[in-house]
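Chain residues, written in single-letter form:
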Amino acid sequence: MKLTRYPGLILSLALVLLLALYPAITGSASARETVFTILMSIALASSLNILLGYTGYVSFGHIVFFGIGGYVGFYVLTVLGLHLFIAVLAGGLAAGLLALLLGKSILRLRGAYFALATIGVNEALRAFVNNFQPFGGPVGMDMKFAIYSEYGGAMRALWIVYGGLILITVLVIATSYAVKNSKFGLGLMAIREDEDAAEVMGVVAPNAKTWAYVLSAIFPGLIGVLFFFKNGNIEPGDAFRLHLSIELIVMVMLGGQGTVLGPIFGGAAYQQLRKTLLTSPIFKNIQLAVAGFLLLVIVLFIPSGAVGWLRSRFVNLRRVLE
Amino acid sequence: MANVLLASVIDGLLIGFVYGIAAMGLTLIFGVMDVVNLAHGPIIALGMFGVYLLFSLLGINPFIALILVAILGLLFGLLMYMVAVHRVIEAPPLSSLLSTFSVNMMIIGIGTSLFTTSSYNVEYSLGTVNVGSITVTGTRLSASLIAVLVTALLYWFLYRTRPGKYIRAVANNRTSAELMGIPSTRVLALSFGIGTMLAAIAGALIATIFPINILAGGSYELKSFVIVVMGGLGNPLGALIGGLILGLIEGVVPVFIKTTWVPVLEFLLFIIILLVRPQGILGTKE
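Heads up: the sequence lines are chains A and B, in that order.
The letter at position 175 of the first sequence is residue 175 when you use this note's numbering, and the numbering goes up by one with no holes.
Add 1000 to the 1-based position in the second sequence for this note's numbering, that's all there is to it.
Here chain B stands alone, though its shape is the one from the complex (with noise of 0.2 Å):
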């Protein structure tokens, strides 16, 4: 029993700080600029499609394959904040909500219209890893290396480098930033950028580990909203955090109720802390 549930934490965690760079696209998008994006799940299934065909149709390693998912994922951000982001972005909530939902519709409609419904799998395997008398697969122990790699990135990015100052203080206060000179449409869009470039990493991190299909992002998608709400909109870290305690629930839950009460368990803590602690586990006062 002890054992069963050490494997399970530990399996649980390593999906957690995947989970966690997923919602972490979607809490800096937030934070930013205030807007919930809705076309995330989408975008994520896009980071899976993009490493199943490059594995697939060239042959490249499905983690060099993450380098040119994430960058694709960047510029994909940064036009669709051009597009269907800039024009809503002062307007209130339903139409920033909306326009992005419009974006996963033509996602999903395109999507769907390519590849079907139907599952697909990246053919790879890396092997497993024994830690005493626990089983890692090599896949979802790597995953979990790179997550937590693009994780301190994102931290070095954010406050160690002039964009990365930037986007924060455009967070922090859009009007004083831009008096002090910040170009802040750039800044924006290259929130929005790293926000969807998340996402696709997160996608094609999650490739590597479990089937995928076109409307597999929606889940995540959910569970990226759960996290994001635990951890306190618009903080990454708390993302990160809040990612390995869902991570944590789905792994050990298992152990001792049937798994569909899984996502009860998780939605009613949803709904709890948003009506409880609507700043996050993290998050202070405002």
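Only chain A is shown next, with the shape it has when bound in the complex (with noise of 0.2 Å):
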């Protein structure tokens, strides 16, 4: 396999790793949160953009995904003690056959149908975390501090988590850029064109959309645990985030929908963003409706994302733009 043939995988693999080993190389603790947070976005925006992007379902509840596989994974760490390697399989395989029961049914449901639908779903969800006892109910669940000491102090842990997230990050990109080339992924597409006339062209509609939901669904049951490992507690609030599911699809659109490079530009740019906005002193108070008025310009005006618009408009470029 002659790599220089992928150059839009290799570019987007480039761009994240380069980012990612900044903070590794410079040992710095703030620049590691910082990427932390970006990593984070590129990796929930690129899963979502698999279903988003390629198969045209608009999932606003995506989070669900991520608190859940949050959830079961502190639940694994905490109350069954067990590693967090195994906790973190855990969140994902718990997303994963979520999405999979999911996918039976709302999936039936299309355009704003199953836009409300998975609203619903992650409300329900949180609704019933929020009386559920196992998982500490409307308070949630607390992780001790001494558990940190088995994987070498808290700051060791905390470079281990963010290795983790490399790791992730890395295998959904290359995972988004095999569905991108693949029979599979261009039968999502057509279902994205037009539904019913794919599945006259032998697309297996039902089971190509459940297939896209799962793969979309497991990696932020993966990130999920991640996340709440280093966060130390989880509660409904934070793990079923409406607000937070609803700024992935801006970072899918900011970047270009559809594409492999799309969300990791719009992830690291939104996060760019929303970080010099609450910095600055005119727009601190206003970040949120600063932001809500560049989504609109975009929406109105470069419906197709940065990366989109550069692919329309130097075509030259689109080997490499994938």
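Just so you know, these hints were derived from the structure itself, not from any lab.
Fair warning: there could be bad hints in the mix.
What the hints assert, rightly or not - Computed from the model, here is a short list of chain A residues facing chain B with C-beta under 10 Å:
| no. | residue |
| --- | --- |
| 1 | 114 |
| 2 | 123 |
| 3 | 131 |
| 4 | 250 |
Every residue, glycine too, gets a C-beta built ideally from N, C-alpha and C.
Could you use the hints to bring the two separately framed chains together as a complex?
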């Protein structure tokens, strides 16, 4: 396999690794925290893109998988006392299973109905966890500080989590690329353009959609465990934050839906923008309003996002900007 | 026990009318132009704060302030349609979901910087009304009466006036309506305006009953989704009945189990109805 045959994948991975290695080389904790947030956004947005960008199904409550993964992982870590690695796998598995169950049912709905149903699922699960005593109900669960000593102290644990996140991000991007360039991905894109026509052409739409949904759910599940392990506690409001879900859609739109590079660019740009607005004296109080205004401008005037716009503008770049 | 139950039923039904008004705004917009207005909650919150400001700063009676708030809600909707919705009306659903959500972010962003997220109260009381052994607060009773009146007016408007008939024609088939000489852009803007007006009225009524804050609209938006799906997307009468059902659930269920389980039931019902009867309880097969 010649790597130069995949310029799009190389570019995406190189960008992410460059970003990810910067704090590792300098050893700076504050840089690590900044990059952690950006990488998390990139990974979450990229996994959402598998469903939103390739398949054209708008999941407004995608954060439900982050939340359920986080909860299951947290339970495995604190109550069952198992290793972080197993917890992360359990979180991903739980998210994947939930998506499989949901996929068989709500993916029958199309357009706005599906979007509304995903909001309903997120809210239902949040309300349920609020009442579910094994998960701590409304106050959630805490982690004893001593748990970090198993991983060589809190400092090392944070670097381990960071390393794990880099690995997951690389995996998400590789998956996203592989899906886009496979027959399976072509089927998804056919569904996006016209589901009925795709079925006529032999795409088994219900299965293809469900697997796309499961793929896009597993990664948020994995990341949720890492995030809440690092956080030290978990509660329903943090785990199932509908707002974060919508921020992810904004990131995908900003970068360009249906492209591999788009969510990477979108995630990084959105977090950078948020940071700039939050620290600026003029916009600090109305950063949400400014972000909303930018979103409106993008939706109205550049609906294909930054990468989509570049692709349509510079035909020669299409091979690189996948 | 029977008394407690009866009181909860009445309380639930009264608030259900107000929920119905909020949901009608959402369903009208969806029915006419297939747009789910994600700025619905913040507009409800704007209605709440409209009444609060008019009452506490200018001393205007909340039920008179309501009329002003309704007019402002209508104007806001017309403006929002022209700026944020008109360009994406033909685009895939994601575009209109996001453009209305961007309006949501702007309202919440500016709202939180003005009012913070703390709670406010409209200090206005109409005493209580006693019917047999059951006591109902006056504001709750008047809010539901106004909600019924607004529903009646909406139906009169949609079925008895020319602009109302235009709206129904455009909802039915925009292309044919245009061929019949109906100015569809203006009709769409008007329907959007009426949708946001209903949201603002609902907010104004809620402000007379419950404490308010700028984020409170969000939970009523979610309730509206549940109601709208129950009644069938695009069906105003269904929205009213859905509102009553939801009010009833919220009133009666806490008598038997813990209040915190109510949202679980609501959203489960929501998902089940979406799956089993996406056309709503009242809806007919398409």
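Outcome of the hint check:
1. 114: Hint on residue 114 (chain A): holds, closest Cβ of chain B at ~9 Å, below 10 Å.
2. 123: holds (5 Å)
3. 131: holds (5 Å)
4. 250: holds (7 Å)
Hint compliance for this structure: every hint is met.
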